[in-house]
Amino acid sequence: GDSVTQMEGPVTLSEEACLTINCTYTATGYPSLFWYVQYPGEGLQLLLKATKADDKGSNKGFEATYRKETTSFHLEKGSVQVSDSAVYFCALSERDSNYQLIWGAGTKLIIKP
Amino acid sequence: EPEVTQTPSHQVTQMGQEVILRCVPISNHLYFYWYRQILGQKVEFLVSFYNNEISEKSEIFDDQFSVERPDGSNFTLKIRSTKLEDSAMYFCASHGQGETQYFGPGTRLLVL
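Chains as they are written, first to last, in my numbering: chain S, 1219 to 1331; chain X, 6 to 117.
For the record, the hints were derived by calculation from the structure and aren't laboratory data.
Because the structure is a prediction, the values reported are computed rather than measured.
Do not take every clue at face value.
Unchecked claim - Derived lysine-lysine pairs resembling DSSO-like cross-links, with alpha carbons at most 27 angstroms apart:
(1) Lys1326/S - Lys1295/S
(2) Lys62/X - Lys1270/S
(3) Lys1286/S - Lys1270/S
(4) Lys47/X - Lys1286/S
(5) Lys83/X - Lys1326/S
(6) Lys1278/S - Lys1326/S
(7) Lys62/X - Lys47/X
(8) Lys62/X - Lys1278/S
(9) Lys1278/S - Lys1330/S
(10) Lys1274/S - Lys1295/S
(11) Lys47/X - Lys83/X
(12) Lys47/X - Lys1274/S
(13) Lys1270/S - Lys47/X
(14) Lys47/X - Lys88/X
(15) Lys83/X - Lys62/X
(16) Lys47/X - Lys1330/S
(17) Lys1274/S - Lys1286/S
(18) Lys1295/S - Lys47/X
Build out the structure end to end from the sequences listed, making use of the hints.
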């Protein structure tokens, strides 16, 4: 079945450092790919998404490009802030599975001032 | 901006008791979901619901679980006889014609 693999955390960075959180997937069809973020004590918020190969999703300075050839959707940000500290989840959905989201394990990001 | 709401935010119950978790999806959405997240673990799909019936369910969603849309606005998850391992954060989500799911803030369920 479909699956999502994320790099394990926690990832600890200093403010203004560059961030990459790796995400790879396996899917039978043509999934849409998502990054969700969970701030401490809060629910799940959509950060960005991409629905087809070579699409780039972006939001709040974060970017991720749908790479079909490497089955990847890595999350990047050029300069992180303390307020970016959260847990980041990569996920996919497919129409044939009624759009249920298949989730990665989540990567906890800690940004130190 | 419309949002998904969930009640209660926290629920403590005794093992074997029934619980009902409530969700109000975004009003013009047609697809509804329940997910759960056991503390420190990944988010897991439970069930999807469309056109007044279950469209997909996971292995977790056994006979102890049921979902209902009792009126035009609420979407409920019932656990008939709770077990210790049902302790988790339960998230409701919905989407319309687009496939992006919007999540509620979650209900934290603790089974003692």
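So, going through the hints one by one against the coordinates:
1. At roughly 15 angstroms between alpha-carbon atoms, Lys1326/S and Lys1295/S fall within 27 angstroms of each other, so this suggested pair holds.
2. Between Lys62/X and Lys1270/S the CA atoms are separated by roughly 26 angstroms; this keeps the pair inside 27 angstroms, and the hint holds.
3. Of the pairs offered as hints, the one joining Lys1286/S and Lys1270/S holds, with about 8 angstroms between alpha carbons and a cut-off of 27 angstroms not exceeded.
4. About 24 angstroms separates the Cα atoms of Lys47/X and Lys1286/S, which keeps this hinted pair within 27 angstroms; it holds.
5. With a CA separation close to 31 angstroms, the supplied pair Lys83/X and Lys1326/S exceeds the 27 angstroms bound.
6. Restraint check for Lys1278/S and Lys1326/S: satisfied, since their Cα atoms lie roughly 18 angstroms apart, inside the 27 angstroms limit.
7. Taking the CA atoms of Lys62/X and Lys47/X, the gap is near 17 angstroms; set against the 27 angstroms cutoff, the hint holds.
8. A hinted pair counts as satisfied when its Cα atoms are at most 27 angstroms apart, and Lys62/X with Lys1278/S does not qualify at roughly 34 angstroms.
9. Between the alpha carbons of Lys1278/S and Lys1330/S the distance comes to roughly 19 angstroms, so the proposed pair stays at or under 27 angstroms and holds.
10. With a CA separation close to 13 angstroms, the supplied pair Lys1274/S and Lys1295/S stays within the 27 angstroms bound.
11. The hinted pair formed by Lys47/X and Lys83/X meets the criterion: a straight-line CA distance of about 22 angstroms does not exceed 27 angstroms.
12. Annotation: proposed proximity of Lys47/X to Lys1274/S holds, straight-line Cα distance about 25 angstroms (limit 27 angstroms).
13. Using a Cα cut-off of 27 angstroms, the hinted pair Lys1270/S and Lys47/X holds, with the two alpha carbons roughly 25 angstroms apart.
14. Pair hint Lys47/X plus Lys88/X holds up; C-alpha atoms about 19 angstroms apart against a cutoff of 27 angstroms.
15. For the proposed pair Lys83/X and Lys62/X, the alpha carbon gap of about 14 angstroms is at most 27 angstroms, so the pair holds.
16. Restraint check for Lys47/X and Lys1330/S: satisfied, since their Cα atoms lie roughly 25 angstroms apart, inside the 27 angstroms limit.
17. This hinted pair checks out: Lys1274/S and Lys1286/S have alpha carbons roughly 12 angstroms apart, not beyond 27 angstroms.
18. Simply put, Lys1295/S and Lys47/X have alpha-carbon atoms about 23 angstroms apart, close enough for the 27 angstroms limit, and the pair holds.
The structure is inconsistent with the numbered hints 5, 8, although it conforms to all the rest.
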